[in-house]
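**Student:** Fit chain B to the known structure of chain A by using the hints.
Respectively, the protein sequence lines represent chains A and B. Residues in the first sequence are numbered from 1 upward in steps of one, following the numbering used here. Residues in the second sequence are numbered from 108 upward in steps of one, following the numbering used here.
If you are wondering where the hints come from, they were derived from the structure by calculation, not from laboratory data. Each residue gets a CB set at the ideal place from its N, CA and C atoms; glycine is no exception. Each hint can be trusted.
Derived DEER-like restraints, expressed as beta-carbon distance ranges:
hint, chain 1, residue 1, chain 2, residue 2, range
1, A, ALA62, B, VAL745, 30 to 36 Å
2, A, LEU17, B, ILE701, 50 to 56 Å
3, B, THR706, A, ALA78, 38 to 44 Å
4, A, ILE86, B, ASN748, 47 to 53 Å
5, A, ILE31, B, ALA688, 54 to 60 Å
6, B, TRP742, A, ALA78, 36 to 42 Å
7, A, ALA62, B, GLY709, 44 to 50 Å
Here are the simulated SDA-like pairs of lysine to any residue, each with C-alpha atoms no more than 25 Å apart in a straight line:
hint, chain 1, residue 1, chain 2, residue 2
8, A, LYS32, B, SER717
9, B, LYS276, B, LYS675
10, B, LYS276, B, ILE468
11, A, LYS32, B, ARG721
12, A, LYS32, B, ALA732
13, A, LYS32, B, GLY730
14, B, LYS479, B, ALA660
15, B, LYS485, B, LEU580
16, A, LYS32, B, TYR723
17, A, LYS32, B, ARG714
18, B, LYS479, B, GLY555
19, B, LYS137, B, TRP272
20, B, LYS283, B, LEU297
21, B, LYS283, B, PRO676
22, B, LYS275, B, ARG290
23, B, LYS479, B, GLN640
24, B, LYS528, B, LEU617
25, B, LYS479, B, THR567
26, A, LYS32, B, ALA728
27, A, LYS32, B, TRP715
28, A, LYS32, B, GLN716
29, B, LYS276, B, TYR669
30, A, LYS32, B, LEU720
31, B, LYS137, B, LEU122
32, A, LYS32, B, TRP726
33, B, LYS485, B, ILE583
34, A, LYS64, A, LEU15
35, A, LYS32, B, ALA729
36, A, LYS32, B, LEU727
37, A, LYS64, B, LEU735
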Amino acid sequence: MNSVFTQEVPIAWYLLLSAVLFALGVVGFLIKRNLITVFMSIELMLNAVNLSFVTFAHQWHAVKGQIFVFFVMMVAAAEAAVGLAIIIAVFRARATLAVDRIDLMKL
Amino acid sequence: MNAPLHLLLIPLLPLAGFLVNGILGRGMPKWMVTSIGLLAPLAAFLLVLNAASSAFGIGSAATLLPYVETCPIPWINVGMLHVDFSFVLDQLSLVMLLVITGVGFLIHIYSVGYMHDDESYARYFSYLNLFLFFMTVLVLAGNALLMFVGWEGVGLASYLLIGFWFQKKSAADAGKKAFIVNRIGDFGFLIGMFFLLANFGTLTFSGIAAQLTGNPAWQGGILTVIALCLLLGATGKSAQLPLYIWLPDAMEGPTPVSALIHAATMVTAGVYMIARTHVLFDHSPFALGVVAIIGAATALFAATMALVQNDIKRVLAYSTISQLGYMFLGCGVAAYSAAIFHLMTHAFFKALLFLAAGAVIHAIGGEQDLRKMGGLRKKLPATFAVTTVGVLAIGGFFPFAGFFSKDAILYAAFLQGNNGKILWFVGLLTALLTSFYMFRLWYLAFMGEPRGEETHPHSTPASMLVPLFLLALLSIGGGWVGIERFATFLSPAVGASLTSSQASGSHLELILSILAVAVALIGWFIADLLYRQNPSRPSSIAAALPACYSLLAHKYYIDEIYGAVIVKPLLAFSTFVLGWAIDAGLLGGIAWFIGGTATFSGAVLQRWQSGNLRSYAAWLAAGAAAVLLFIVVPWSIVLANLGIHLNVAGH
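Chain B on its own, in the form it takes in the complex:
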């Protein structure tokens, strides 16, 4: 007997928080806003913990997963389309929920300190709660349409929070950019959903999975099309090639938002979606290959761009894109559990890094330029310590969390048939770059001597430090679950993983792990060489390779290329063809023509209204005569005599 888990409440509580803070927040005292804003995610987190404990069978008989909760009122019931508000808790959504509400709650706490002086305090917390609402809907959704609701909703929350300081033009623009780029991905998701409905007759994930597992011979074809459409959606949301361009700009938002939405949770929705629909991808090797290639390419590409960024948050943004690339790579080699494992550990250490960066920015008065930092280890020892943990975790050093998850993905890639070795090598190279740019950040911000004007960092409040320490603990210990146990746990939801089934070759795995750590050490060593021992070397290298450096510093000119190839022609098309020719010319012309005709005929008919009584009478008499003529004369006979035969009904 399953105890009720109240899944519906998990999204609804943050929604209530959003409504209360959003509508009444302006007039409420700050402590009330804070407590409502914090209680909603806390309650959701506790509900998730309760669900988790009942799923693991702690205290009572274990709840059988997947646990489905359906709202008794159907949502859409038209023809063949039946969609319910169904919430599904399985191993996959449980892991995601733990990460989202757990990390989300920590970031809420952190925000209390970080946003303390902001005048739109209530608005901030209402948006943050709104995000949690949509994100939990996305994760709990039992069908693609409900997931799409969450999917769009987190996009909305992301837009609102990126443009939170909308008085700043760059922030408002960044919000719009994120939203519009995501529309392209959402378009793919929608098309994929239409195909799903047309081919499966249902949108529930379990129904689709049942049909596919019942028909193992069904490979490729339309499934590849569906998978690629869904992949387009995933690349938009998860900032993969070619739709990654919005994420670096999204750093215009408040730093806790970057941590929560643009590092830990929302951007991983694409990975989650692929894992959720993994049955489709399993039936389409081509689509899986595309996922892997996109993942590996994005990982490497973004890592190279992170090398030369000077804005501390942008380094982290590119690093996020790169790490998301790892997750896609994991999905692409069908190691979904490894991808989700990395998703989880990444949520820990990337949230930690962002929050630490936020603490640094907060402490030194809003400065984000790494070149103006330096020597902060003495002034911000606590932040320095947790950042070190985060850097070691993302670099993949044993025994930090990133080591385990990154290793699992690389190992799975290595074992994958044809191109696995190449994918593995790209991943390894990315690991080297990752380690390098993270230590570069570490050295520039915390080591050496202060470079900026002398600042007096004010201390970090406890509300910011506590989440940092908790996340640091998670970044250290989060990986110790181990991929085998994690994969076994997830296997009912995402299928048996490659890694767990081939764990016998543990010698190979050991060698690969040592290689990965060695590569990370090399990255550290290079960073040490360039930024500690010889701080003038980087600029001389940059000067020696001007083309290469400017290519990286300008982010491969991708924004410029997109601007020239897509945005400018689109704008020109809209202005000239749609604006002038279609709108002003055609539509305006038609309107002008219709109006003109009415005016003209009115002017002509006006002459008729002479006021002359006898002319009216004459027209009346003429009309009566005409009617009489029409009635009296037997037209069909007359016309027949003239040789014209009308095709009257009845003949």
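The shape of chain A in the complex, shown without the other chains:
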């Protein structure tokens, strides 16, 4: 029973995937100009973290990590609702979604 399919995926792979996804999220957040893409990058980071939560929960047989994932998803859903509403409001007001132009709060 030494086939590829019965072998468990090593934990490091999950964590590596999580780190890669998180880094992609950070980079996307920093370099993308479109507000919606930025928003999606945030979601990506959140889900990267969720992945590592689940990984560790599985590894240590601790259910807390999985519960945490539900919390994060819930917050992300709420954030998506509020964030999309803000994006629509911004677009209506400024007719653009370029983050560089939305800098009214600077001193």
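**Tutor:** Coordinates of chain B only, in the frame set by chain A:
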């Protein structure tokens, strides 16, 4: 069994008078102000009389002196420092209290007449009561700190009363001068007190005296330092060399104030303090010698300045300084009882002279210049009579009060070992000068013909005349107690006096007395020669000796010298070094630098706040990365590989 004497009430009653008149006096009718202002000192005086009668054992068993009354609440109780509100009645403070409240009450009565038309009538009486409060605290205090409270307090009252007519610039300046010069003396007192605490562990006079008498071999050294510090305090308060300069200017105050504070009571606080701490001085012959020299020098120095003064109150002021010099001389030859005796008689006749001068000034409409007086004996016969008594008393003529006390001091000085003869001679010379300048005043004011514009002196009210007559009686009879009895009475408080122990040489004493009276007569004769028989002679003498005369008339230029040597450099130092360099330059510079740094860094950091969301996010990510790097990397191992060893706790 001692009956309670209510010592605490003696200061507290005048304090109550001060509070009532000071706070409510403006709105009260005059008769209420007067009655409160007079009742407080009267009640205090009656309490003192009660204490005196119980001390002398009149009516009941004698109260044993010293009688101590301590407030149950401790004042200061920190570490080794224990200070109570303790009031001590012994022979010394009893004599002082009698003088202060007695003469003080008379002067209060006099003030009713003198200050009648002043618009700040209530303020005047509240200050006067405040003075009595502090002065009785000073005298009754059982420890140096409480005495210092009184000491500072009388300084405050003196300041307030000298500058009573503060609308007049010279009066306000004189008040400030008195206060500031006294600060120098107070500084000495404070330092002396610190030394006392450090060396004796207590500030109570009885505790200090007990330690010193238990250790007679302890001489000089730190005791000399303490005694000299206290002496500095005494010279400030009692207007001795070199701090006498404030007293002549203090004459800007109302004349009853000059009589009460600057002649009879407050200025004698220095003498009282030396007598109170006499054990210290007894253990330091050097300090005693300094006291004697300062006393004799001040007596002579001030007397010479009194010779040429034309302001009637200034003559009396210099005469006060001179007489205080006698008291210091008495203290300096360890004849404390003689000094206190002179203090008492001086309080009588000098208060009398000041009040009489006040009556003259009051009668002729505020004129103080002797050259514009003259011939007042016909217009003010009562004042003339009492002034004559005062002049004879201060001149030391038998049988007036001054004769006995001055004689006691001179005799004690004569008997004192090494330099006693010199001190005695200086004292005798001063007696000659005293007699001369007092008769000069007498002739100029009362004899001859009126010199000023024709004035119509208005009569002196009874409230002013009664105290004058009472003081005149005291000036005549006050000396008849006699130094022997007085010294025996005081000896428990100030130690056995030289005079009483060596009274056997009474032939010598008689000769010295005759000499003193003869000298006083000579002074009178010279004054008579110059100011009655040949009134033009004084100015011709002055013209013949211009340098000498202007030196005296300008008071040896001491004020100018102090101004040039101390005041001007101090002012310049304050203006340029402290004001410009330290305050504006250093402190202002530091403040400017700190403020500038904040503004500048704010301006730099402001650029960071770009409003660009992505730049914020980038900084956030960079910060998170830095924290992560710090946590994840095993720094001690990395550094150890680089050859750097951190000195972490645990190694």
